[in-house]
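So for the sequence shown, UniProt numbering puts the first residue at 1; every next one is plus one.
A couple of the hints might just be wrong.
Said to hold, decoys possible - Computed cross-link-like contacts, EDC-like style, restricted to lysine to aspartate or glutamate with a CA-CA straight-line distance of at most 16 Å:
{"id": "1", "residue 1": "Lys12", "residue 2": "Glu38"}
{"id": "2", "residue 1": "Lys184", "residue 2": "Asp209"}
{"id": "3", "residue 1": "Lys125", "residue 2": "Glu100"}
Said to hold, decoys possible - Quick list of simulated restraints, FRET-style, between CB atoms:
{"id": "4", "residue 1": "Phe49", "residue 2": "Thr193", "range": "39 to 47 Å"}
{"id": "5", "residue 1": "Thr193", "residue 2": "Gly262", "range": "34 to 42 Å"}
{"id": "6", "residue 1": "Gly130", "residue 2": "Asp58", "range": "43 to 51 Å"}
{"id": "7", "residue 1": "Lys5", "residue 2": "Ser334", "range": "47 to 55 Å"}
By construction, these hints were calculated from the structure, which means they are not laboratory data.
Heads up, the beta-carbon is just placed ideally off N, CA and C, and yes, glycines get one too.
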Amino acid sequence: MDEVKKIVADIKKGDIKPVYVLMGEEPYYIDRIAEFIEDHVLSEEEKGFNQVVLYGKDVSVGDIVESAKRYPMMAERQVVIVKEAQELSRTIENLAAYAENPQPSTVLVLCYKYKTLDKRKKLYKVVKKGGVLFESKKLYENQVGDWIRRVLSGKKYTIAPKAALMLVEFLGTDLGKINNELEKLQLILPQGTEITPQHIEENIGISKDYNNFELRKAIGEKDVVKATRIINYFGQNPKDNPLVVTVALLFNFFSQLLQYHGLSDHSPKSVAGALRISPFFVKEYQLAARNYPMKKVSAAVAVLREMDVKGKGVGAANVPHADLLKELLVKIMS
1 MDEVKKIVAD IKKGDIKPVY VLMGEEPYYI DRIAEFIEDH VLSEEEKGFN QVVLYGKDVS
61 VGDIVESAKR YPMMAERQVV IVKEAQELSR TIENLAAYAE NPQPSTVLVL CYKYKTLDKR
121 KKLYKVVKKG GVLFESKKLY ENQVGDWIRR VLSGKKYTIA PKAALMLVEF LGTDLGKINN
181 ELEKLQLILP QGTEITPQHI EENIGISKDY NNFELRKAIG EKDVVKATRI INYFGQNPKD
241 NPLVVTVALL FNFFSQLLQY HGLSDHSPKS VAGALRISPF FVKEYQLAAR NYPMKKVSAA
301 VAVLREMDVK GKGVGAANVP HADLLKELLV KIMS
């Protein structure tokens, strides 16, 4: 995010490079930077003749170079944005000659999603030297909560840790989807609001009581009644609560408990750093570790592996997922 802010700040100051290659696994920031250039480099009057948007599947590298070499009309510069440039991956290296000697009055932007340029080749080296080379890396699940907090902080909102976890659990690491939901909340809630699980439930439709986070917590606390209530709800709503997701999240939880048992320092700060979790959730892991010593954690991991296989139909082709959830719960918590 800091690198994105620097790119935007430089453009605002008028420090605009002739070539931008926006690449990587996470499309969110690629789209945001490209949109900022599209909206802010030229005035509305200049855009009609001097802003071109091309699509990688419809053009060749030669077409891009031809567009980039044109002179602007009644403007200081022109902007050429190539979206879905990854469609040109086989020939993209042919842009190296242009990138080495770009048209000074052109701003060429390549949106190269889900891939990266070969760092050993000339195009990468040339753009890195004289243009902007931005790699948008996919965030790990344990990093998304912090990203949500930073985005909301910039808009003068805060969010409860559980609410952030609910979003990550429901939407995964797709920053575009998460941002869309955050923008919906910002339309409804005034600035200065702390977004709570109640807000998430009422406006996004994610249950604050019946979700994998609450199931994980109930299992960790050995609260059989609460855990049973949640899995019964999952069994009645299988499309919204797929078994594969529940098993994966619980597997991650017990894998972290294994790691916890292996730590020599169980202080909150050390645990949060080692497990890559928010300090807010450390107490949950400390309690679960007391309820599940190393031997029981290892047994739970084995059960979850078994359920993962059964959930995919191996050895349990006709068993409803609701029954597998009950079996999982009994084996782990007994």
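Legend entry - Range hint compliance [Cβ, Gly130 to Asp58, 43 to 51 Å]: 27 Å, violated
Inset, instruction - Return holds or violated for the Cβ distance of Lys5 and Ser334 against the range 47 to 55 Å. - result: Taking Cβ atoms as reference, Lys5 and Ser334 lie about 51 Å apart, which means the hint holds.
Inset, instruction - Could you see if the CB distance from Thr193 to Gly262 stays within 34 to 42 Å? - result: 40 Å, holds
Legend entry - Straight-line alpha-carbon gap Lys125 to Glu100, limit 16 Å: 9 Å, holds
Inset, instruction - Using the Cβ atoms, figure out if Phe49 sits within 39 to 47 Å of Thr193. - result: With Cβ atoms ~44 Å apart, the hint holds.
Inset, instruction - Take the C-alpha atoms of Lys12 and Glu38, compute the straight-line distance between them, and say whether it is at most 16 Å. - result: 13 Å, holds
Inset, instruction - Would you mind confirming whether the straight-line C-alpha gap from Lys184 to Asp209 stays at or under 16 Å? - result: Status violated; Cα separation ~22 Å.
Of the numbered hints stated above, those contradicted by the structure are hints 2 and 6, listed in ascending order.
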